[in-house]
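Colleague: What follows is the residue order along each chain.
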Amino acid sequence: MTNKKINSERAAAGPTKRFFIDMLTRDIDLMDAILDLLDNCVDGVQRTRKPPTDATKPYAGYWAKISFGTDRFSIEDNCGGIPFDLARRYAFMMGRPKEEDEADADIPTVGMYGIGMKRAIFKMGRNAIVKSYTKERAFSVSITPKWMSDDSDWELDIENIRDSRRPNLGTEIVVTQLNTGIAQRFAESGVSSFGKDLYNLVSHHFSFIIRKGFRVFINDEEIFARQFSLLWSEDDRPKDERIEPYLYRSVKDGVEISMAVGFHSQMLTDDELDEEQKTKRSREDAGWTIICNDRVVVYNDKTRLTGWGEAGVPSYHSQFIGIAGVVVFRSNDAWKLPVTTTKRGVDTSSDVFLYIKDYMRDGLKRFTNHTNTWKGNVEAERQISGRAKPVQMEDLLFGEKTLDWTNVQNRIDEKKYVPSLAVPKEHDPVKIIRFGKSLSEIKDVAYYLFEDEDVAPGDVGKACFDAYLKKARS
Amino acid sequence: MSGANVPYHMRQNKSVDRMLFIDLLTRLNRYIPIPDYRYVSFGAAFLEDFKLLHSHFGLRSMLSIEMDEQAFLRQTFNLPLRCIQNFRQKSGDFIDRYNSETPTIIWLDYASAKELREQLQEIQALVVKLRVGDVLKVTLNANPEAMSPGLHHYDGRQETVDEKRDRLFKQLDTRLGDFLPTGYSPDDLSPIRFPKMLLGASRDAITTAFDGRRLSEGVYIQPLLSCAYQDGPHQMLTFTVIVLRDGEKNDFLDKTGLNNWGYQNLDWENFNKISVPALTVKEKISIDRLLPGGSAEEILTQLGFNFGRNNRESVEAVENYKKYYRYYPNYQRVMF
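As you go down the protein sequences, you meet chains A and B in turn.
Position 198 (the first sequence) corresponds to 349 in this note's numbering; numbering is contiguous.
Position 230 (the second sequence) corresponds to 233 in this note's numbering; numbering is contiguous.
Think of the hints as simulated: they come from the structure by calculation, not from any bench.
Just to be clear, a hint being listed does not mean it is correct.
[What the hints assert, rightly or not] Covered stretches of chain B (in silico footprint by chain A; criterion: 3 or more residues with CB under 8 Å from a CB of chain A, positions within the stretch not fixed): (1) 118-124; (2) 197-210; (3) 215-227.
Ideal placement from N, C-alpha and C gives every residue a C-beta, glycine not left out.
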């Protein structure tokens with residue numbers, strides 16, 4: 152760069168290091184910066200392109216280990232390392248040159264901009280060393296405080312690592328001289344909540360990848376992914392006593408799309424609903440999860456972003472806590488995926504996302520309708536949904552089960568499965584009895600009936616009614 | 004609330020927990036002026052902790068909170084000191100309105116296991132309002148089965164312990180949401196391990212809530228003392244923390260001498276397991292004559308009988324007594 156040699160007839164327009172180090176890092180949260188580093192590990196696995204031994208666990212055998220403290224951050228993986236040629240040409244550039252996109256053309260990566268690693272390093276500290284152990288050679292690149300403040304030096308030395316006895320082929324990044332705010336956040340658990348927050352974030356956003364065999368450790372603790380499953384009644388249940396998911400699959404403009412939405416858990420009883428409204432849970436498994444090339448970019452969203460509260464779908468409410476959906480987009484061309492630069496959101500203007508959103512709402516509406524239909528008769532609904540079995544996400548999205556698919560507008564590569572959902576028996580409709588009693592009175596009756604005054608008020612009311620129903624009919 | 008009619012003053016393990024708290028405050032008094040503090044707690048009918056704090060430190064500003072009408076009337080009847088004010092209020096409402104300029108010791112003495120999530124949310128709401136030097140003690144129900152009492156059946160038969168722990172763990176996962184600490188499994192729902200999990204949940208709830216203040220004001224929450232004990236059917240967990248400034252820790256530990264106190268828990272990992280046997284006066288006197296220093300074997304030989312079902316349990320009971328005997332309560336029959 153020659154921004155220091157200003158010609159009298161030309162304006163200086165080159166970049167400064169400060170721009171990258173102090174400005175660019177403001178746009179990204181510390182946690183997202185660390186997720187970027189994990190994305191690089193996963194892209195490394197894709198790049199090694201070894202055919203997986205188990206197709207359902209393509210990441211088996213690969214891991215990444217993150218550790219941090221008040222004086223240093225490190226991430227280490229066994230995902231193949233940064234190829235030397237890639238390091239030489241552009242891995243350390245600020246942004247990936249257009250012509251280099253070809254390098255990963257047929258690999259479903261999530262890395263696009265070529266800024267993640269550098270941005271993460273600058274975000275955290277002033278000194279870093281990146282070591283890469285590849286099949287061909289082992290080398291390291293140091294990013295020093297001096298380099299970070301020198302606007303005339305835009306290259307970094309690659310040094311060979313002689314002693315390459317390291318058993319794993321992979322990358323190791325160590326950041327030291329941490330920025331003040333960062334060091335504070337990296338304080339030990341019990342003082343800082345950072346470790347726990349990062350654990351949760353990784354367990355959400357890498358859940359799909361972890362389920363496919365990848366292992367992630369934070370300060371030596373392994374991260375486990377939460378299960379995603381939807382209820383599906385067994386085949387022998389009649390049509391009007393079934394709970395099933397809504398499914399959709401298609402290929403659009405080089406993007407494979409698969410979607411499933413339904414009930415991940417049963418409807419809440421009235422007393423559970425009361426408790427939920429009083430003390431809102433901070434984690435809910437309800438809502439939409441969107442996955443682009445295995446990376447979760449939206450987790451359990453319950454807003455208009457994913458179709459709640461628009462075009463005839465009601466806004467999210469605790470009574471819909473059992474409804475969950477997942478959409479998976481997959482493409483070898485990362486630019487076609489509806490993902491934002493931070494990989495923590497969908498690009499709402501993307502054609503492919505706008506198109507699929509109609510089906511997301513279509514699916515969602517069937518389950519909000521079902522919930523509204525059975526409201527006030529939850530007990531009967533729970534009898535039906537209680538017999539349905541959880542089916543895991545992989546089977547929902549890619550399962551080969553023979554189903555009564557409907558082709559969308561007679562297209563061969565676009566189909567949906569419209570579920571049969573239970574309907575209440577109309578010949579003896581259920582009505583709600585609602586009344587209030589003082590807590591002390593409810594406790595007295597609860598103690599009389601159950602010898603436990605903490606029984607849920609709804610259950611106390613029902614027991615009273617059932618006792619008199621028995622008398623009335625005997 | 005369960006246990007409303009249990010005579011708290013007769014529970015030897017709870018009493019040890021309370022005396023350890025007093026001992027802790029005595030040490031804190033070398034660093035912060037405890038007599039100038041305000042004390043807030045749920046005093047119930049006996050107001051035992053209020054009497055203790057007043058007699059040890061002469062606290063003059065004391066508030067008791069009670070939600071239940073009858074318990075409140077009974078408490079009002081029993082108020083032992085003029086400096087105790089009692090309010091009929093829910094703890095959550097009290098915390099919502101809490102805004103104190105006076106240094107304060109607060110004891111949130113929760114009992115119900117079913118309201119754990121609400122309790123953790125109240126603790127979160129309170130810690131962000133605490134001032135540097137404020138002391139918070141919390142009691143939580145650490146009996147995993149209390150979350151969902153009663154017999155449960157599985158495929159037509161009574162469930163096994165493993166099935167029960169799976170069920171309770173799912174329930175805890177739903178109830179606690181993000182408060183569920185990482186790295187725990189249904190196996191941790193045994194009575195021995197559960198307090199640690201609960202301590203982890205409290206740690207996460209508190210550090211998450213406090214992180215904003217920690218980063219902006221340079222203050223943090225320092226754990227001091229944690230105990231698990233069981234007198235009746237319910238195991239309880241207590242923990243006490245203080246708000247300190249960053250960099251103050253060493254000076255604090257030097258001046259209070261907490262580093263050398265055998266009962267401190269300065270991280271969120273460990274806790275005192277208080278499980279002293281109920282002793283007759285004669286037993287207590289015989290054992291005390293061999294303390295400090297006497298071995299469990301020596302004591303058991305002297306007594307000539309076992310406390311538990313076998314020798315191992317007996318040794319555990321005596322070891323536990325040896326650790327806490329200085330805090331062991333003496334109960335006498337008194338005629339008024």
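Colleague: If a hint holds in the structure, say so; if it doesn't, say that too.
Modeller: Comparing the hints with the structure gives:
For the segment 118-124 of chain B, the stated coverage by chain A is satisfied: 3 residues place a CB nearer than 8 Å to a CB of that chain, which reaches the threshold of 3. Restraint check on the segment 197-210 of chain B versus chain A: 3 residues with Cβ-Cβ distances below 8 Å, three needed, restraint holds. Residues of the segment 215-227 of chain B lying with their CB closer than 8 Å to a CB of chain A number 5, which satisfies the three-residue condition for coverage.
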